[in-house]
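Chemist: Assemble the whole structure, with the sequences as input and the hints as a guide.
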Amino acid sequence: MGVDFAEKKARIMVYTRETTAEEYPDGLARSIHLAYSLDGKNYEAMNGNYGILFAKAVLSDEDTICPKGVRDPRVLSLQQGGFVIAAVRVNEDGSADGESEGKLLYWTTADFKEFKELGLLDCGQAELSGLPCVASLREASADSLTAFDGKLPEGAVAGNAVEVSRSLCDRAALCWSRLTSVGVRVPERIMARNAGDVEAVRAAVMYSDGSSALKQVKWETGGIDFNRPGTYRIGGTVINEQYTFPLACGYGDPVIFPWEGRYYFIATDDNRNDVGFYVRESEDVAGLFKEDTKQHLILALDEERGFVQTFWAPEFHVIGGELYILFAVSGTKWGPQCHLMKLKKGGSLTDPESWEDPVRIRRMDGRPLTEDGITLDMTYLKTGKRSYYIWSYRRNIGTALDTGSMLYIAAVDEAAPWQLASEPVLLSRPLYGWENVNHTINNEGPYAFTANDKIYLTYSGGAADGYTYALGLLTAPAGADLLDTGVWNKAGTPVLSYYSVEGEYGPGHNSFFTDAQGNLMIAYHAEDALDHHIRCDGIRRVHFTIQGEPVFDMSAQRDLDPALAGVEMEVVVG
Numbered sequence: 001m002g003v004d005f006a007e008k009k010a011r012i013m014v015y016t017r018e019t020t021a022e023e024y025p026d027g028l029a030r031s032i033h034l035a036y037s038l039d040g041k042n043y044e045a046m047n048g049n050y051g052i053l054f055a056k057a058v059l060s061d062e063d064t065i066c067p068k069g070v071r072d073p074r075v076l077s078l079q080q081g082g083f084v085i086a087a088v089r090v091n092e093d094g095s096a097d098g099e100s101e102g103k104l105l106y107w108t109t110a111d112f113k114e115f116k117e118l119g120l121l122d123c124g125q126a127e128l129s130g131l132p133c134v135a136s137l138r139e140a141s142a143d144s145l146t147a148f149d150g151k152l153p154e155g156a157v158a159g160n161a162v163e164v165s166r167s168l169c170d171r172a173a174l175c176w177s178r179l180t181s182v183g184v185r186v187p188e189r190i191m192a193r194n195a196g197d198v199e200a201v202r203a204a205v206m207y208s209d210g211s212s213a214l215k216q217v218k219w220e221t222g223g224i225d226f227n228r229p230g231t232y233r234i235g236g237t238v239i240n241e242q243y244t245f246p247l248a249c250g251y252g253d254p255v256i257f258p259w260e261g262r263y264y265f266i267a268t269d270d271n272r273n274d275v276g277f278y279v280r281e282s283e284d285v286a287g288l289f290k291e292d293t294k295q296h297l298i299l300a301l302d303e304e305r306g307f308v309q310t311f312w313a314p315e316f317h318v319i320g321g322e323l324y325i326l327f328a329v330s331g332t333k334w335g336p337q338c339h340l341m342k343l344k345k346g347g348s349l350t351d352p353e354s355w356e357d358p359v360r361i362r363r364m365d366g367r368p369l370t371e372d373g374i375t376l377d378m379t380y381l382k383t384g385k386r387s388y389y390i391w392s393y394r395r396n397i398g399t400a401l402d403t404g405s406m407l408y409i410a411a412v413d414e415a416a417p418w419q420l421a422s423e424p425v426l427l428s429r430p431l432y433g434w435e436n437v438n439h440t441i442n443n444e445g446p447y448a449f450t451a452n453d454k455i456y457l458t459y460s461g462g463a464a465d466g467y468t469y470a471l472g473l474l475t476a477p478a479g480a481d482l483l484d485t486g487v488w489n490k491a492g493t494p495v496l497s498y499y500s501v502e503g504e505y506g507p508g509h510n511s512f513f514t515d516a517q518g519n520l521m522i523a524y525h526a527e528d529a530l531d532h533h534i535r536c537d538g539i540r541r542v543h544f545t546i547q548g549e550p551v552f553d554m555s556a557q558r559d560l561d562p563a564l565a566g567v568e569m570e571v572v573v574g
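First residue of the sequence shown: 1, per our numbering; consecutive thereafter.
Heads up, a few of these hints could be off.
Claimed, not checked - Pairwise CB distance ranges, derived in the manner of DEER restraints:
id	residue 1	residue 2	range
1	Ala286	Leu59	41 to 51 Å
2	Gly320	Thr485	25 to 35 Å
3	Gly347	Asn519	22 to 32 Å
Keep in mind the hints are simulated off the structure, nothing from the lab.
Glycine included, every Cβ here is placed at the ideal spot set by N, Cα and C.
Modeler: Printed below as a string of structure tokens:
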């Protein structure tokens, strides 16, 4: 819709950022950032001053990735309604991109929350689509950042601003801000026969977008005599169970798995040079990370069976009613490949003798999953009556012909999960600047959950052992054929990065589990400093917005402001 001129009380700016090699490298800085202003002079960054729109890389004739960035972004309102954002495409290092001469990268948006990526268009193509051509966009330079004398986001360079309604600006700013708790609600009065009736009352924590989450309350019931009718006013404290980061250091790719009333933890063990799989067991999640919790070795180095190195990314999954571990491992020659290991009937997860011999995952015709590259990070997903594997595949790693790691998906038969039931389908490549930053070219660590009739598939891009590691998101309808790539939508902006939660750098390679209170939880690894390369584990609750979309960066402070934790209500007995 067009702008109501009577409502023009705000502005939205597009810009890139200065490159800082050790803190904000080329692949991030040369993306389109957004900021807003309510006075037309002072601007506040959206998305924490992290990029929002990224140029896609180009594939070479050798199937390698040529990363791209942008410069000189411009934003204009369109006569037909909405807005257009355009920028010059450049190489990742900022040098001229010969293929894009005379063309611009285009996006359109109605609300600065969702964007339609139109790609690289010349003037004629743009005008046929009802968009301004290069010359028109250059005229917007008169309103460039160099003309602003107010407050700009840190490191902002190039770009311009467009006038929008205050209401549109407020909605966009809220979309790209971190959700915070703003209030707590409990019933004013309840009827109770015993302490159990009181303890069952939960608090609804309200958040800045209008969403809410139920949390347990520790009620002070000691002053109530349930044998004497009357009205009692009691206080309580909202319980905000949190797991302080870091929980354990030297463990990447963490998985927490509830099984038969207990919790289990397994991960890539960097402390042992990624050799062997160790399992921890506890009655609760917190117990998994106590110093005296025993680690049980369930798969050791075994040269005879070809298990020598890269014991990577183990995951517990129930497939066809049986428990398996999916993982990658290498023999004497480096080259991780996806394997499967089954728990014997009545076996214990912590007993190495309870596990059958691992087998390598194979294609439909019985051949290995690959014979010309590496495979790793396999996960399992069931939706409706169909089951799938999703994994990462890479060719020519460490050479000039490195393809980067790619996500593939295939159907699997629950009765024979060691073999694919369809041909593999390419799902995603690391084409965005945050996925291939500093030539890390990664799409790896996929893990899925279903909510609100959608499949949510997280994955990781950037440097697996560095601060640029970040979490991406693919979504698809729950009832769709997931082998049809057309049903998938890939978010252009990461949903979790080192700009998301203070003190956590390079968050990624996550898994999901449900805790004892029924909350969906995310487990992930990150680093505790910008210059550390020690992967440590973290856990937090996955929140859902007022639109029903998941939020992965709900820190303890934002999940529940301690100042809001105290509550009161009346209890009527008799």
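Chemist: Tell me the hint numbers this structure goes against, listed in increasing order.
Modeler: none
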